[in-house]
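Novice: Each chain is listed here by its residues.
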Amino acid sequence: MTMQKVFERPKALSDVNFSYCSGCLHSVVHRMIAEVIDELGIIENTIGICPVGCAVFMYDFMDCDMIEAAHGRAPAVATGVKRMLPENVVWTYQGDGDLASIGMAETVHSAARGENISVIFINNGTYGMTGGQMAPTTLIGQKSTTCAAGRDVSLNGYPIRVSEMLATLDGPSYIERVAPVTAAGLTKTKAAIKKSFQNQIDGKSFSLVEILANCPTQWKMSPVESLKWIEEKVIPYYPLGVIVDR
Amino acid sequence: MKGNEALVRGAIAAGCRAFFGYPITPQNEVPEYMSVMMPKVGGVFIQAESEVAAINMVYGAAATGARVMTSSSSPGVSLKQEGISYIAASELPAVIVNVQRGGPGLGNIAPGQADYFQAVKGGGHGDYKLLVLAPWSVTECYELTALAFDLADKYRNPVMILGDAIVGQMIESIDVPETVEANVPEKPWAITGRHGRASKNVINSLWIDVKIMEALNLRLQAKYAEMCENEVRWRETMTDDAELVVVAYGATARIARTAIDRARAEGMKVGLFRPISLYPFPSAQLKSLAERGKRLLTIEMSAGQMVEDVRLAVNGLSDVGFYGRMGGVVFTPTELVDQIRAAYGNSLEDACAEAAR
Numbered sequence: 028m029t030m031q032k033v034f035e036r037p038k039a040l041s042d043v044n045f046s047y048c049s050g051c052l053h054s055v056v057h058r059m060i061a062e063v064i065d066e067l068g069i070i071e072n073t074i075g076i077c078p079v080g081c082a083v084f085m086y087d088f089m090d091c092d093m094i095e096a097a098h099g100r101a102p103a104v105a106t107g108v109k110r111m112l113p114e115n116v117v118w119t120y121q122g123d124g125d126l127a128s129i130g131m132a133e134t135v136h137s138a139a140r141g142e143n144i145s146v147i148f149i150n151n152g153t154y155g156m157t158g159g160q161m162a163p164t165t166l167i168g169q170k171s172t173t174c175a176a177g178r179d180v181s182l183n184g185y186p187i188r189v190s191e192m193l194a195t196l197d198g199p200s201y202i203e204r205v206a207p208v209t210a211a212g213l214t215k216t217k218a219a220i221k222k223s224f225q226n227q228i229d230g231k232s233f234s235l236v237e238i239l240a241n242c243p244t245q246w247k248m249s250p251v252e253s254l255k256w257i258e259e260k261v262i263p264y265y266p267l268g269v270i271v272d273r
Numbered sequence: 002m003k004g005n006e007a008l009v010r011g012a013i014a015a016g017c018r019a020f021f022g023y024p025i026t027p028q029n030e031v032p033e034y035m036s037v038m039m040p041k042v043g044g045v046f047i048q049a050e051s052e053v054a055a056i057n058m059v060y061g062a063a064a065t066g067a068r069v070m071t072s073s074s075s076p077g078v079s080l081k082q083e084g085i086s087y088i089a090a091s092e093l094p095a096v097i098v099n100v101q102r103g104g105p106g107l108g109n110i111a112p113g114q115a116d117y118f119q120a121v122k123g124g125g126h127g128d129y130k131l132l133v134l135a136p137w138s139v140t141e142c143y144e145l146t147a148l149a150f151d152l153a154d155k156y157r158n159p160v161m162i163l164g165d166a167i168v169g170q171m172i173e174s175i176d177v178p179e180t181v182e183a184n185v186p187e188k189p190w191a192i193t194g195r196h197g198r199a200s201k202n203v204i205n206s207l208w209i210d211v212k213i214m215e216a217l218n219l220r221l222q223a224k225y226a227e228m229c230e231n232e233v234r235w236r237e238t239m240t241d242d243a244e245l246v247v248v249a250y251g252a253t254a255r256i257a258r259t260a261i262d263r264a265r266a267e268g269m270k271v272g273l274f275r276p277i278s279l280y281p282f283p284s285a286q287l288k289s290l291a292e293r294g295k296r297l298l299t300i301e302m303s304a305g306q307m308v309e310d311v312r313l314a315v316n317g318l319s320d321v322g323f324y325g326r327m328g329g330v331v332f333t334p335t336e337l338v339d340q341i342r343a344a345y346g347n348s349l350e351d352a353c354a355e356a357a358r
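First to last, the protein sequences are chains A and B. Numbering-wise, my numbering puts 140 at position 113 of the first sequence, and it's gapless, one number per residue. Numbering-wise, my numbering puts 110 at position 109 of the second sequence, and it's gapless, one number per residue.
These aren't lab readings, by the way, just hints derived from the structure by calculation. Incorrect hints may appear among the rest.
[Said to hold, decoys possible] With a Cα cut of at most 20 Å, we get these calculated DMTMM-like pairs of lysine to aspartate or glutamate:
#1 B:LYS201 <-> A:GLU71
#2 A:LYS32 <-> A:GLU62
#3 B:LYS201 <-> A:GLU66
#4 B:LYS188 <-> A:GLU62
#5 B:LYS201 <-> A:ASP272
[Unchecked claim] Computed far set for chain B versus chain A, every beta-carbon distance over 12 Å:
#6 GLU6
#7 GLY44
#8 CYS229
The structure displayed is predicted, hence computed values, not measured ones. Note that the Cβ used here is the ideal one computed from N, Cα and C, for glycine as well.
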């Protein structure tokens, strides 16, 4: 009986151990991006922009050209890269603090300009790297280290639905919200990433994939509990589905 | 042409093919003219959503190996400081223009020179330096900007053109050179997409291991030492027999030039020392003047910033006096002649106190 290789590291992933916590969906999404890069055959002409946050070390994990951006500024950095090298597939990978707090202007304006880049938005409603502070997408009532009693709208305002907000702009060609917490969700997540990259190759302008993700460590849950939390609490506030497809 | 226009022309002549900026007076002509010129030369122009976004676009474009520029004025340059630190730490070439205005705070649109510290001592965080060039004429706006791109590439470091509202807005005739020498080196470090390259390129300034971070810092310090060896630029006028030398840069030096002619006509032996590179600072050259017994009167449109570097250079060998106006006030030549007269022949400390009374 001959052995058959049925599962292996994608070529676009470097042979480096991830630094993520057990059960963190960053690992899953990184793998999906790498598989998409392999399947589209773009390892030689793709450039990734990594954020400030837990994924700050993504330049170690991906085997393509990478650039580290200042907190929130990845879409501006991506704009600079893409405008000079339009034949490259240029993508950003950002958390909710990076994309929706400090970087909100760069997010909105790169979408409004219709920059032909792909933005992968990892929305887990917390600032994981810095110890679990409140994020613009932290749910009402959800606890964090800067709202210990739980998010209170009178003190902390309302969470932001980024995908719906960007959909009011004419610039984006494609925006979808997905949750890789079920088998179907995993399939949809990878397909959304692939569609976003394909849109860019087809010259279709800005696309964003909002991925509802977890943070077992800062949510103080087990990985399995954290996936349930997304299904039961997060998805009702951040509905899944295609929001823009032009 | 206007100084601001010459900045653009010099940049394009040197091969600048990307400009990212934002409106702010008194440099609005720069993005406006770039918006017309960049498409003509197949380059990229973006009016970014802010000065913060603009400097980050510069960082991205510079990382691809392109010659890229941004421009702003004092409050906007404050916004760029984090991005500038990243560019320096990532060893990327870029040109940043500051057409200084009155400050601090929102300030006004009159000229100023109170961003010297920010430019030269590092307005952003960490141990880095910008190479800083200060034009005083429309011709220098063109030539120094063109030179800035070569220096940025030579050292893989951001270069700042430190102008002011007068220099940016002045209109003078200029002999535009036929061609500008543009020495663009190979950039094997650039992110371009791998295109068959044996390994990936990463542009980064995060080094958790403190030994690696220290090694980067040592490399940067060595680079700055090399700049200090090779890139000092200055002009001296009538300093040989001068007893008093005025030290000034940019628009202040233009006014001082007139004042010095009048002082000479009154019989005073006065000269002008004009730093063109503010970093690296012409310390050795100033020290030499002090060693030859010349007293120095530093004049700036600020509370006194460059004067600290003059004092450091002179290191007690001679008197260093200061005269300045703040908040956008511009000297008249008569005012400077009065200061020179007061300083001439007295100890400079007394002279400045005398003038203040």
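Novice: A separate judgement is required for each hint: does it hold in the structure or not?
Specialist: Hint-by-hint comparison with the structure:
1. B:LYS201 <-> A:GLU71: holds, 9 Å
2. A:LYS32 <-> A:GLU62: Within the cut-off at roughly 16 Å; holds.
3. B:LYS201 <-> A:GLU66: holds, 19 Å
4. B:LYS188 <-> A:GLU62: At roughly 30 Å apart (the allowed maximum being 20 Å), GLU62 of chain A and LYS188 of chain B break the hint.
5. B:LYS201 <-> A:ASP272: Between LYS201 of chain B and ASP272 of chain A the Cα gap is close to 33 Å, so the pair fails against 20 Å, i.e. violated.
6. GLU6: Nearest chain A Cβ is 24 Å from GLU6 of chain B, so the label holds.
7. GLY44: Contrary to the label, GLY44 of chain B does not stay out of reach of chain A, its closest Cβ about 9 Å off (not over 12 Å).
8. CYS229: It holds; CYS229 of chain B is separated from chain A by about 28 Å at its closest Cβ, greater than 12 Å.
Hint violations for this structure: numbers 4, 5 and 7, all remaining hints satisfied.
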